[in-house]
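Asks: Work out the full structure: start from the sequences and follow the hints.
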Amino acid sequence: MSGAPQDGGPGLPARWLHVAAGIAVALAFTGYVAGTRPVPERPEPESTPGASATSERAPSYRELREARRGDNARMYEGAMEALRQGLDPLTPTAVATVEQRARAVEARKAHRAYDGAPPTIPHEVDPLGTPGCLSCHGQGMKLGERIAPRISHPPYQSCNQCHVVEASPKPLAPYPDVPANRFVGRTSAGGGARAWPGAPPTMPHAEHMRTECASCHGPTGKPGLRTSHPERQNCVQCHASSAALDQREPPVGLLDSTPPPGVAKEVP
Amino acid sequence: MDRRDFLKSTAMTAATLAASRLAYGQAAGPTPPVATGAGGGVKWNKAPCRFCGTGCHVQVGVEGGKVVAIAGDPKAEVNKGLLCVKGYHVGLALYGSDRLTQPLLRKGDKQVPISWDEALDVIASRIQKDPKGFALYGSGQWTIPEGYAASKLVKGGLGSNQLDANARLCMSSAVTGFLATYGVDEPAGCYDDLDACDVLIMWGNNPAEMHPVLFSRVIDRRSRGEKVTLIDIGTRRTRTSAFCDHVLRFKPNTDLAIACGIAHLLVENGTWDKAFVDANCAFRAPSEPATLQGKAITFDEYRALLAPYTPEHVEKLSGVSQQDLRMLAGLFGRQDVRITSLWCMGVNQHTRGTAMNSLIHGLHLLSGHFGKPGDAPTSLTGQPSACGTVREVGTLAHALPGGRVVAEEKHRHQMEDLWNVPPGRISSKPGYHTVQMWERFSTPTDQGGDIHTLWVQVTNPAQTLPNRHKLVDPSRKLADKFLIVSDAYPTETTRIADLVLPSAMWVEKNGMVGNSERRTQQWFKMVAPPGQARDDAWQLIAVAHRLFERGFEGMKDKDGRFLFEVKKDGKPVPIWDFQHYYDVNVDAHLFEEYRKTTRLKHKDLAPYEEYVKARGLRWPVVQQPDGGWRETRFRFSGFDDPYVQEGRDIDFYHSPTHDGRAQIWFNPYEPPPESPDTEFPFWLCTGRVIEHWHSGTMTMRIPQLQRAMPSAYLEMNRADARRLGVGNGDIVTVETRRGSLDLPVWLGGRGEPPEGSLFVPFFDERLLINELTLDAHDPFSKQPDYKKCAARVRGRAKKEARG
Numbered sequence: 001m002s003g004a005p006q007d008g009g010p011g012l013p014a015r016w017l018h019v020a021a022g023i024a025v026a027l028a029f030t031g032y033v034a035g036t037r038p039v040p041e042r043p044e045p046e047s048t049p050g051a052s053a054t055s056e057r058a059p060s061y062r063e064l065r066e067a068r069r070g071d072n073a074r075m076y077e078g079a080m081e082a083l084r085q086g087l088d089p090l091t092p093t094a095v096a097t098v099e100q101r102a103r104a105v106e107a108r109k110a111h112r113a114y115d116g117a118p119p120t121i122p123h124e125v126d127p128l129g130t131p132g133c134l135s136c137h138g139q140g141m142k143l144g145e146r147i148a149p150r151i152s153h154p155p156y157q158s159c160n161q162c163h164v165v166e167a168s169p170k171p172l173a174p175y176p177d178v179p180a181n182r183f184v185g186r187t188s189a190g191g192g193a194r195a196w197p198g199a200p201p202t203m204p205h206a207e208h209m210r211t212e213c214a215s216c217h218g219p220t221g222k223p224g225l226r227t228s229h230p231e232r233q234n235c236v237q238c239h240a241s242s243a244a245l246d247q248r249e250p251p252v253g254l255l256d257s258t259p260p261p262g263v264a265k266e267v268p
Numbered sequence: 001m002d003r004r005d006f007l008k009s010t011a012m013t014a015a016t017l018a019a020s021r022l023a024y025g026q027a028a029g030p031t032p033p034v035a036t037g038a039g040g041g042v043k044w045n046k047a048p049c050r051f052c053g054t055g056c057h058v059q060v061g062v063e064g065g066k067v068v069a070i071a072g073d074p075k076a077e078v079n080k081g082l083l084c085v086k087g088y089h090v091g092l093a094l095y096g097s098d099r100l101t102q103p104l105l106r107k108g109d110k111q112v113p114i115s116w117d118e119a120l121d122v123i124a125s126r127i128q129k130d131p132k133g134f135a136l137y138g139s140g141q142w143t144i145p146e147g148y149a150a151s152k153l154v155k156g157g158l159g160s161n162q163l164d165a166n167a168r169l170c171m172s173s174a175v176t177g178f179l180a181t182y183g184v185d186e187p188a189g190c191y192d193d194l195d196a197c198d199v200l201i202m203w204g205n206n207p208a209e210m211h212p213v214l215f216s217r218v219i220d221r222r223s224r225g226e227k228v229t230l231i232d233i234g235t236r237r238t239r240t241s242a243f244c245d246h247v248l249r250f251k252p253n254t255d256l257a258i259a260c261g262i263a264h265l266l267v268e269n270g271t272w273d274k275a276f277v278d279a280n281c282a283f284r285a286p287s288e289p290a291t292l293q294g295k296a297i298t299f300d301e302y303r304a305l306l307a308p309y310t311p312e313h314v315e316k317l318s319g320v321s322q323q324d325l326r327m328l329a330g331l332f333g334r335q336d337v338r339i340t341s342l343w344c345m346g347v348n349q350h351t352r353g354t355a356m357n358s359l360i361h362g363l364h365l366l367s368g369h370f371g372k373p374g375d376a377p378t379s380l381t382g383q384p385s386a387c388g389t390v391r392e393v394g395t396l397a398h399a400l401p402g403g404r405v406v407a408e409e410k411h412r413h414q415m416e417d418l419w420n421v422p423p424g425r426i427s428s429k430p431g432y433h434t435v436q437m438w439e440r441f442s443t444p445t446d447q448g449g450d451i452h453t454l455w456v457q458v459t460n461p462a463q464t465l466p467n468r469h470k471l472v473d474p475s476r477k478l479a480d481k482f483l484i485v486s487d488a489y490p491t492e493t494t495r496i497a498d499l500v501l502p503s504a505m506w507v508e509k510n511g512m513v514g515n516s517e518r519r520t521q522q523w524f525k526m527v528a529p530p531g532q533a534r535d536d537a538w539q540l541i542a543v544a545h546r547l548f549e550r551g552f553e554g555m556k557d558k559d560g561r562f563l564f565e566v567k568k569d570g571k572p573v574p575i576w577d578f579q580h581y582y583d584v585n586v587d588a589h590l591f592e593e594y595r596k597t598t599r600l601k602h603k604d605l606a607p608y609e610e611y612v613k614a615r616g617l618r619w620p621v622v623q624q625p626d627g628g629w630r631e632t633r634f635r636f637s638g639f640d641d642p643y644v645q646e647g648r649d650i651d652f653y654h655s656p657t658h659d660g661r662a663q664i665w666f667n668p669y670e671p672p673p674e675s676p677d678t679e680f681p682f683w684l685c686t687g688r689v690i691e692h693w694h695s696g697t698m699t700m701r702i703p704q705l706q707r708a709m710p711s712a713y714l715e716m717n718r719a720d721a722r723r724l725g726v727g728n729g730d731i732v733t734v735e736t737r738r739g740s741l742d743l744p745v746w747l748g749g750r751g752e753p754p755e756g757s758l759f760v761p762f763f764d765e766r767l768l769i770n771e772l773t774l775d776a777h778d779p780f781s782k783q784p785d786y787k788k789c790a791a792r793v794r795g796r797a798k799k800e801a802r803g
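Chains as they are written, first to last, in the working numbering: chain A, 1 to 268; chain B, 1 to 803.
Be careful, since some hints might not be right.
In silico lysine-lysine, BS3-like type, Cα no more than 30 angstroms apart, as pairs [stated by the list, open to error]: (1) B:K429 - B:K251; (2) B:K372 - B:K75; (3) A:K109 - B:K43; (4) A:K109 - A:K222; (5) A:K109 - B:K80; (6) A:K109 - B:K75; (7) B:K129 - B:K372; (8) B:K80 - B:K372; (9) B:K66 - A:K109; (10) B:K132 - B:K477; (11) B:K251 - B:K613.
Derived by calculation from the structure, the hints in this document are not laboratory data.
Replies: Shown next, in the form of structure tokens:
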């Protein structure tokens, strides 16, 4: 590289030469660095024929506002991992109180038509694109006071097949006079059965779609439902599932393909 | 044998016994008390979901005489334990607070409560006035026994053929496509293809919202590390597009050009499957005058007809790039990939629906992508029993049960024998198809409007018929026209009815349905209907008996017995009295009678009790030497279908040419009946959303679904919105030559139409988009086109939709 200092006394011309050489080095270095830095990629127009010329134009401010609207809009494009707060499964948690448990069960009811129904989504979502639910709900996440529970079942690709928003997406609004619904859903079954005080309780609900116990009972679960021993990973080692609740066998005296007794003949 | 297997087998044996007792109407005997554990008060039982044509099985949890929970049925092959959001909330469909609970008769402006007895008298009198002017209009929501009873009542009892169903509006082009190609209705493949295909092509189809369980069956294979290429060929961006590897946007109506373009490339590149075609196919083209059979052509003629459909020309017509056309042709030309096509309303609600259906079948046949697991052209249906009831029982103006037609003497005689009615009872003259039926009902009697009374069951035509101004409303101003509507909830149709009958629904009655993959499914009544709501089949039988009591000849068989007589211990059971309707299993009796008609087209059904045990069985269900019953997954394929001739790989045994060959059709592209112009510059498309099913009468009463999608909206491209100066939430007026409607604009919502296109969902009874759509229909299937017409948009006051 040019501009190395020369031997000999530093006369005025030589000093100027040093300065000039220094500038040259600095310029060369800057140019080199600038040259090697990747050029920011221009957004590629969509390769599909459906994307007309309009998809290349810059979005308006209104569109940007709309696109970023909502709690989770574009969240999954960011560096979620950096925001993830530590969830230490090894720290034992306090045993839940009865009140805590009741509060947790009540809170669950707010988002479910019945115990076992897919919960509705308490935040806005992108109504069109591929859902990015798993970026928060895949492992579960705590961000400040907000908790994204870990999904309770094996991941499916199309989350919004089963989960819908619970508030109408803007700008749509419900009609004020929609008929009410008298459905009363099955409520939470309560705690599992214990063979004796201190025995591990059995599962009080079906295992189907609820195989990931940590979803509700892990560190991101509601306080009243958390396990006191999150460090133990193999829950079914001690907590037995119920063949009846899982419909793995017919209930006593009642075969799963016959009508419930009396009902078929019932007349109001 | 472990404990579980032992329990299962004991359960199975006991279930069979219990089922056969039920089938023969004997009391099931005292049942031991049920042990209750944690949550043990809930009793579970199987039923297919009430909503779409996928046919998912749910487990219904009942406690205290009410449905309290729903679970996906892990034993069901269709859905493998998974449901969609509608399915998980299907139990709530029974409990809307405004269920109809008593018969209502119009008196002046009011509908006043009357007794069932009076209601039956009113109907019987209307029929006796002029039996031939009485018409029955149902849907693919009729269960199989209900549809069969309807057919027997109208065709065997009244001796007319004035019976049609709204399935006419959603899948009749699929039927004509199957008939033109294979000579027999319904798909050869099944959902198992979705587990085996390498490429899934969706033609104008949005299964991520409309058949979500089937869609996730494919895309979840990706989670397991499998590679499936998804291709969306559509006119707007949807949730499905977001999952697709290739998204091809075409101009409305040019799907025919795309199909011809692919066939052209296969032929010109020599990549079509010559061996398959030589062995199993023949070529066909439209004839003059046009018939469903068309005319036979040679391969060279076929090639010449395709010649204009060069990639350059097709690109110009459709807007799909040559590169994408070559990509599609390249895939069809490969023998090492399995290709499944899916389509539903996009292809069927099309003035060229029959032609487009035939073209898709043709592509699969020409390229040999047929008859192997994963290689199938599969048309989907939207109603739970569009296949089982409308298509198989044949609740249509020209049809008789089991694939028979009224025009054929032999078929009429077969049904007259089965029903034990005198020869000549069944009329050879087809009745009116849907649009005609309503036209005649809305035309004054002295001007040729010869339908005076119309009875609607299980559907909501005032909302779903096209061009209601012309087809429905005029009848309401004619004094001698009488509209009877059976439904569970108040609807657009019950509101304008003269007589409203409250119906039991879903697990409030016994039922059987048939889904899109030839699967027949059964369930039992689990809860009592509210108030005086009663089964639709009972309503039909009770009217028949009222006529019988009044001495109406048609309701007697040859021996003078009641047409719907059911015996128990040798004595007739008074099933027309609802108190005794469940003394026997009427469904099982109707089904066993119907089952005898299904052999003609090799759509053999098993005895009732087999369906009690199974989560549905796909026909033909054929008895094995050991006495068991075996379903068929791949029809026409030698390795699976017992009716294929010994030694053949493929056998189209109902070929329209009676030589075992399917027909590869050429059908030209033609411009649509109405296109945007300067006055009406937009394309208007209508359709569905995942939350709502059909006209929303059930799903709009389910809070979780209604909140998530509260009202209809107008979807438009942002560029168009900017140009018109309208923003998100603004109310605009959409106008066509037939009507106008004010709607809130939703930008960046559920879909994204290209510039110049609009989309409006049709579920919202307060915002009836069907008043704006065309009633132009396919010449063969008579199915109207709801997917494209010309529209314009006018801005209005800017404000949020209803605040």
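Asks: For every hint, state whether the structure bears it out.
Replies: Status of the hints after comparison with the structure:
With a C-alpha separation of about 40 angstroms, the suggested pairing of B:K429 with B:K251 is violated against the 30 angstroms cut-off. About 25 angstroms separates the Cα atoms of B:K372 and B:K75, which keeps this hinted pair within 30 angstroms; it holds. Between the alpha carbons of A:K109 and B:K43 the distance comes to roughly 21 angstroms, so the proposed pair stays at or under 30 angstroms and holds. For the hint pairing A:K109 with A:K222, the CA-to-CA distance comes to about 13 angstroms; that is within 30 angstroms, so the pair holds.
Only pairs whose Cα atoms come within 30 angstroms are accepted, and A:K109 paired with B:K80 is accepted, the gap being roughly 26 angstroms. Note on A:K109 and B:K75: the hinted pairing holds, with a Cα-Cα distance of about 28 angstroms set against a maximum of 30 angstroms. For the hint pairing B:K129 with B:K372, the CA-to-CA distance comes to about 55 angstroms; that exceeds 30 angstroms, so the pair is violated. As the CA atoms of B:K80 and B:K372 are separated by approximately 22 angstroms, the hinted pair is consistent with the 30 angstroms bound.
Note on B:K66 and A:K109: the hinted pairing holds, with a Cα-Cα distance of about 19 angstroms set against a maximum of 30 angstroms. In summary, the hint linking B:K132 to B:K477 is supported, as the alpha carbons are separated by about 22 angstroms, within the 30 angstroms threshold. At roughly 48 angstroms between alpha-carbon atoms, B:K251 and B:K613 are farther apart than 30 angstroms, so this suggested pair is violated.
The structure shown violates the earlier hints numbered 1, 7, 11.
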